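**Student:** Let the sequences and hints guide you as you build the complete structure.
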Amino acid sequence: MMPDVTGVAPRQEYPSPPVHEVICQVTFADPVPWSAATPGLLYRAVQDEYPAEPKSQTAVEASFDPSDGEVQVSRGAQRFVYSNEEQNRRFVVNERCLSVNALKPYENWPSLAQRFRRALDIFEKEVAEFKSASVSLRYINRIVIQGTAIDTSEYFTVPLVTTHQPNARIVGFFGRSQSISPETSINTTVTFASVEHSVDGESAFILDIDLAMPTPSDAGHDKLAELVNELHHWENHEFESSITDKCRKLFK
Numbered sequence: 001m002m003p004d005v006t007g008v009a010p011r012q013e014y015p016s017p018p019v020h021e022v023i024c025q026v027t028f029a030d031p032v033p034w035s036a037a038t039p040g041l042l043y044r045a046v047q048d049e050y051p052a053e054p055k056s057q058t059a060v061e062a063s064f065d066p067s068d069g070e071v072q073v074s075r076g077a078q079r080f081v082y083s084n085e086e087q088n089r090r091f092v093v094n095e096r097c098l099s100v101n102a103l104k105p106y107e108n109w110p111s112l113a114q115r116f117r118r119a120l121d122i123f124e125k126e127v128a129e130f131k132s133a134s135v136s137l138r139y140i141n142r143i144v145i146q147g148t149a150i151d152t153s154e155y156f157t158v159p160l161v162t163t164h165q166p167n168a169r170i171v172g173f174f175g176r177s178q179s180i181s182p183e184t185s186i187n188t189t190v191t192f193a194s195v196e197h198s199v200d201g202e203s204a205f206i207l208d209i210d211l212a213m214p215t216p217s218d219a220g221h222d223k224l225a226e227l228v229n230e231l232h233h234w235e236n237h238e239f240e241s242s243i244t245d246k247c248r249k250l251f252k
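Just so you know, the working numbering puts 24 at position 24 of the sequence shown, and the rest follows in order with no gaps.
Treat each hint with caution, since some may be false.
Taking lysine-lysine pairs in the DSSO-like style, the calculated list, with each CA pair at most 30 Å apart, reads [unchecked claim]:
{"id": "1", "residue 1": "55", "residue 2": "131"}
{"id": "2", "residue 1": "223", "residue 2": "131"}
{"id": "3", "residue 1": "104", "residue 2": "223"}
{"id": "4", "residue 1": "55", "residue 2": "104"}
{"id": "5", "residue 1": "246", "residue 2": "104"}
{"id": "6", "residue 1": "131", "residue 2": "252"}
{"id": "7", "residue 1": "125", "residue 2": "223"}
{"id": "8", "residue 1": "252", "residue 2": "104"}
{"id": "9", "residue 1": "55", "residue 2": "125"}
Derived DEER-like restraints, expressed as beta-carbon distance ranges [said to hold, decoys possible]:
{"id": "10", "residue 1": "164", "residue 2": "121", "range": "49 to 59 Å"}
{"id": "11", "residue 1": "55", "residue 2": "217", "range": "44 to 54 Å"}
{"id": "12", "residue 1": "53", "residue 2": "108", "range": "33 to 43 Å"}
{"id": "13", "residue 1": "159", "residue 2": "220", "range": "14 to 24 Å"}
{"id": "14", "residue 1": "121", "residue 2": "214", "range": "15 to 25 Å"}
It is worth saying that the hints were derived from the structure and are not from the lab.
Since the structure is predicted, the reported quantities are computational estimates derived from the model, not experimental observations.
All C-beta atoms, glycine included, are put in the ideal place defined by N, C-alpha and C.
**Tutor:** Put into structure tokens, the structure is as follows:
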């Protein structure tokens, strides 16, 4: 059971939130039965909500090996993507996991949480029952700031490693940390990076917050929905704790 989250930073409602993409996922403990016919059967069940022609995609997965300092890149498993006509609300699935994704415009949490719950019910009805291994929630924020020589400490609380040479300034960076809390069992990966931006006189940054936690193998759909809601509370805490009031003004 997770500890009380009343101490989590209160969520602020922003007229223009910087959320670029949200991914809410459950990973199965074991692969479920899957055949060439399964994607079509599933499409018939979800096409009212995701009417666009289904697509398949193969993810590219990167992992860091601290023993030798090497980043390993490999091809992930094939996934099937069901989308609305605007291609900004998605249901992504294969025999090992399912997720609901949201791209711009921003989808509020109650709506996304309801889509996640519907996806669980439909998958179990049309494909197979499953035992869960973990749930995860990822918020990818893209924050644009006026100016090209930005002091990131004015907008973010995430520290950067800088050179010790005189008068040097950061022209690009990529930082990632992974933490686990013994109290919550939540594994949190935070990525903070500068990114390419096509508008002159502006700078763009990514603040990517990815939280995951193990689940009881017998967790039902109500429990999974409860756990992702808890992750959402902690995601909010990470986000609000990573930005300053000056940054918040950008979203108002």
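**Student:** Does each hint fit the structure? Answer for all of them.
**Tutor:** Structure-based check of all given hints:
1. Between the alpha carbons of residue 55 and residue 131 the distance comes to roughly 26 Å, so the proposed pair stays at or under 30 Å and holds.
2. Restraint check for residue 223 and residue 131: the C-alpha separation of about 12 Å stays at or below 30 Å, so the hint holds.
3. Our distance criterion of 30 Å between C-alpha atoms is met by residue 104 and residue 223, whose separation comes to about 28 Å.
4. Proposed proximity of residue 55 and residue 104 is supported: the alpha carbons are some 19 Å apart, at most 30 Å.
5. A C-alpha spacing of about 23 Å is found between residue 246 and residue 104, which places the hinted pair at or below 30 Å, so the restraint holds.
6. Simply put, residue 131 and residue 252 have alpha-carbon atoms about 42 Å apart, too far for the 30 Å limit, and the pair is violated.
7. Between residue 125 and residue 223, the direct Cα distance comes to roughly 18 Å. Compliance with the 30 Å bound is thereby established for this hinted pair.
8. For the given pair, residue 252 sits about 17 Å from residue 104 by alpha-carbon distance, which is consistent with the 30 Å threshold.
9. Taken as a hint, the residue 55 and residue 125 pair is honoured in the structure, with Cα atoms around 21 Å apart against an allowance of 30 Å.
10. Distance hint check: the CB atoms of residue 164 and residue 121 are about 56 Å apart, consistent with the given range 49 to 59 Å.
11. Between residue 55 and residue 217 the beta carbons are some 31 Å apart, a value that contradicts the proposed interval 44 to 54 Å.
12. At roughly 27 Å, the beta carbons of residue 53 and residue 108 sit outside the given window of 33 to 43 Å.
13. For the hinted restraint 14 to 24 Å between residue 159 and residue 220, the CB-CB distance of approximately 41 Å leaves it violated.
14. At roughly 22 Å, the beta carbons of residue 121 and residue 214 sit within the given window of 15 to 25 Å.
Taken one by one, the earlier hints fail for this structure at numbers 6, 11, 12 and 13, listed in ascending order.
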